[in-house]
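Same order as they appear, the protein sequences are chains A and B.
Start counting the first sequence at 4; every next residue gets the next number (the working numbering).
Start counting the second sequence at 4; every next residue gets the next number (the working numbering).
Keep in mind that the hints are not guaranteed to be accurate.
Stated by the list, open to error - Going by beta-carbon spacing under 7 Å, a handful of chain A positions derived as facing chain B:
1. G197
2. R215
3. F217
4. Y335
Stated by the list, open to error - Derived Cβ-Cβ restraints for the label pairs, each shown as a range:
5. A/K247 / B/K26: 19 to 27 Å
6. B/N346 / A/Q212: 24 to 32 Å
7. A/E403 / B/R415: 55 to 63 Å
To be verified - Okay, the calculated bits of chain B under chain A, using three or more residues with CB under 8 Å as the criterion:
8. 133-145
9. 152-163
10. 197-210
11. 217-225
No lab work stands behind these hints, which were simulated from the structure alone.
Yeah, the Cβ is synthetic: ideal placement off N, Cα and C, and Gly gets one too.
2 protein chains.
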Amino acid sequence: MSLYTATYTDLYQLSMAQVYFKKDRHSQQAVFDYYFRKNPFNGGYTIFAGLENVLDSLKEFRFTEEDLDYLKTQNFDASFLEYLKDFRFRGSIFSVLEGDVVFPNQPILRVEASLIEAQLIETFLLNMLNFQSLIATKACRMRYIAKDRTLLDFGLRRAHGPGGYYASRAAFIGGFNGTSNVLAGKNFGLPISGTMAHSFIQSYGDELQAFRDFAEHRPKNCVLLVDTYNTLKSGVPNAITVAKEMEVRGQRLLAIRLDSGDLAYFAKQSRKLLDEAGLDYVQIAASNQLDEYVIKSLQEQQAPIDIYGVGTNLVIGKPDAALGGVYKLAFYDGKPRIKISENIAKITMPHAKQVYRLKNDKGEWVGSDAIGLTSEGSFEVMEHPFEVYKSMRLTGLQREALLQPVMEKGERSFATKTLQEIADYREKRFAQLPTEYKRFNNPHHYKVGISEQLKEERDRLIKLHKSL
Amino acid sequence: MSLYTATYTDLYQLSMAQVYFKKDRHSQQAVFDYYFRKNPFNGGYTIFAGLENVLDSLKEFRFTEEDLDYLKTQNFDASFLEYLKDFRFRGSIFSVLEGDVVFPNQPILRVEASLIEAQLIETFLLNMLNFQSLIATKACRMRYIAKDRTLLDFGLRRAHGPGGYYASRAAFIGGFNGTSNVLAGKNFGLPISGTMAHSFIQSYGDELQAFRDFAEHRPKNCVLLVDTYNTLKSGVPNAITVAKEMEVRGQRLLAIRLDSGDLAYFAKQSRKLLDEAGLDYVQIAASNQLDEYVIKSLQEQQAPIDIYGVGTNLVIGKPDAALGGVYKLAFYDGKPRIKISENIAKITMPHAKQVYRLKNDKGEWVGSDAIGLTSEGSFEVMEHPFEVYKSMRLTGLQREALLQPVMEKGERSFATKTLQEIADYREKRFAQLPTEYKRFNNPHHYKVGISEQLKEERDRLIKLHKSL
């Protein structure tokens with residue numbers, strides 16, 4: 004199910020495209036970079052997600068008859084609309100692999116295509132990568148703090164409409180174990196799970212009977228919600244009764260779920276009741292406005308919670324709720340391009356570039372990436388991108404090129420990855436990030452530097468524009 | 004384009020549905036309320052949006068063969084899956100009209116259907132209403148402060164994936180004039196608009212030539228982006244040159260756009276340059292991380308900005324980014340139902356209910372709504388829902404019933420409304436809300452009370468459950 008069509012875009016992309024077409028500037032080659040300027044959540048890293056969806060959608064990228072009829076009503080030129088009829092994306096994409104750990108101000112994905120191709124895909128590319136990277140990062144923060152506990156996405160009802168569909172996917176990449184989202188489970192092959200709602204028990208009035216009926220007909224992975232009336236006096240005792248009845252049938256209750264009140268307190272009290280009843284295998288699931296900070300607090304209190312169900316704060320990526328990724332022109336028609344800004348951090352970096360992750364002789368990440376021109380060979384010094392007198396020698400460090408060809412002339416140049424493979428890659432790469440970049444408060448700043456040649460080129464173009 | 008299928012749901016809805024089906028509890032009638040507990044943005048009101056999409060989707064609500072094949076792999080019962088094959092929503096819905104102003108703890112939409120029908124539609128209903136109401140409210144706050152200035156949605160690239168599609172719709176309901184989102188324009192009939200990107204000018208290097216080409220091929224509603232290199236020394240002077248050239252051709256430049264720096268300062272300086280050049284008709288558009296507070300500040304500074312382009316903060320509904328609407332069982336199988344909570348504000352209200360907006364003898368809103376049982380006649384006193392000794396006499400007040408039949412037995416019971424009609428209704432209703440509820444800081448608290456009979460019923464059920 005791809006929700007993307009070629010009109011899933013901003014009008015100005017088409018306005019610009021028409022001018023490019025009419026002025027015969029559209030087919031010259033351009034280079035655009037996708038990057039962001041700040042990690043979300045005041046964190047020390049970002050998890051890159053959404054790439055597979057972008058590549059899938061690009062293959063399908065075309066204007067339908069209906070699209071063109073609509074554009075006709077918006078004063079587009081007939082010859083331009085005729086051109087759009089056969090429009091396909093036939094450019095190349097170099098990208099960090101999905102699931103990798105990335106940092107601000109480094110190109111994460113580079114598009115090399117005709118100017119019109121590169122321009123027309125901008126909006127949907129940003130829409131998809133910004134959102135999924137935001138959510139994968141949020142999920143990864145919870146995975147980091149929840150250690151080996153189970154993390155489940157319950158957020159669909161509070162998600163931004165169908166954005167919830169991709170939130171479930173991104174959460175899995177970030178380290179979640181599954182989702183309640185059936186459609187995402189079906190289409191992305193995600194493990195799905197769920198418990199019961201308060202309304203189920205309310206519809207019975209009789210909580211014990213409600214539990215009995217549920218256990219009878221959904222005995223596998225059965226989780227009973229114990230806080231509809233009174234958690235410790237009614238919910239947990241009734242769940243224990245049903246767990247015992249399940250034992251007689253050779254079944255096992257998977258868990259009880261707490262959805263309100265002081266979760267640490269209720270988890271400890273419930274654990275005690277379950278253990279006293281000989282039900283040490285029955286797990287405790289907790290939900291209710293969880294995020295990485297609440298989970299951290301629960302873990303520090305040693306709350307005996309085995310399963311965290313996370314909703315709103317995961318799928319909306321609270322509090323940031325957006326990753327401000329941008330897409331900037333770096334090269335066109337044989338010339339490097341730059342955008343000047345009074346804010347030096349917003350000046351763009353010209354030319355096609357490669358990003359290198361630096362490692363020591365044991366292959367361990369040293370906490371720095373270096374950006375160089377694709378046209379230059381090895382460079383031995385990297386400079387701070389904005390501050391003077393700050394540089395670092397790269398002698399003796401290994402370099403892993405992060406931007407790999409993923410699409411060449413409109414065709415995927417590597418096999419589709421399963422979501423499990425992407426999630427595994429995220430886990431492996433995240434394990435290589437030193438811990439000081441992972442903490443929530445004042446994480447260490449990961450260095451991203453640029454080659455001397457790139458710096459010289461940027462300085463040259465700035466001077467050129469100031470002199471005009 | 005409906006993105007919703009019957010599997011766009013949480014797994015637990017299907018788990019519960021199976022138990023209802025197997026225990027023959029599924030066809031008894033139930034009543035569910037949709038409501039929320041807190042206005043977003045610490046505001047004094049919420050704009051209700053998303054209803055038309057819900058009604059449209061409900062008509063299409065069904066399980067496909069593919070859905071059922073998938074559910075088979077998830078251990079669902081064969082007879083239940085057979086039942087789902089012909090499942091349709093044939094219930095009734097009573098709702099506040101889309102675009103109306105609503106408040107916490109009042110039923111906004113009431114579903115009366117068989118238990119299984121009401122349960123299976125919960126997730127998508129919450130997903131759609133929560134998100135669109137959030138965004139319509141955010142948009143309305145900006146409309147309120149921007150007065151008669153033009154407001155445009157530019158947020159698609161930062162939206163939550165395809166959530167951006169519905170964000171554009173909701174923004175229009177909330178008072179925006181249009182969107183850059185072409186797909187939303189096409190499918191919802193929204194006015195679309197847009198300007199140009201920095202990359203357009205970068206691709207030329209020569210800003211003046213870029214402006215000339217753009218004005219030549221997109222002369223209608225032409226907006227030139229003036230901050231790529233130097234706003235006042237290059238961008239505005241070049242725009243003036245092109246505006247003068249357009250005049251010779253009998254055309255008019257619509258606006259220039261500022262996208263960085265101090266918008267108040269640059270707007271004032273740009274206005275001066277334009278006016279000095281005899282271009283007082285050329286408008287000024289501004290964008291860059293706008294929200295209602297930035298717009299308020301710009302208005303207070305009398306920045307001569309005619310068009311606000313709002314992106315991220317609109318479409319993600321920052322800072323809240325979610326409306327916590329819930330869907331609670333109030334009645335089932337002939338009996339009122341309740342959910343108890345230690346937090347008294349979370350105790351649900353039993354029975355089918357109606358909500359009345361109270362007006363004085365001139366038809367002006369008095370700042371109070373009253374909730375009564377649908378089964379009771381007129382009532383003369385309303386009580387505070389949670390606090391004792393607080394009540395209000397309703398004598399002499401007019402009452403407008405807010406929950407109207409919008410779907411009866413699965414069929415829409417009123418004609419589809421155009422988005423323009425809904426936006427007009429929003430404007431009309433919002434105009435009736437007294438100003439003290441509209442301010443951003445400490446808005447007046449709109450009173451929502453309950454009838455004595457409803458209160459007695461709730462108290463009775465609480466006592467009943469405590470005695471069990």
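Against the earlier hints, flag every one the structure doesn't satisfy and list their numbers going up. Violated hint (a single one): 2; every other hint is consistent with the structure.
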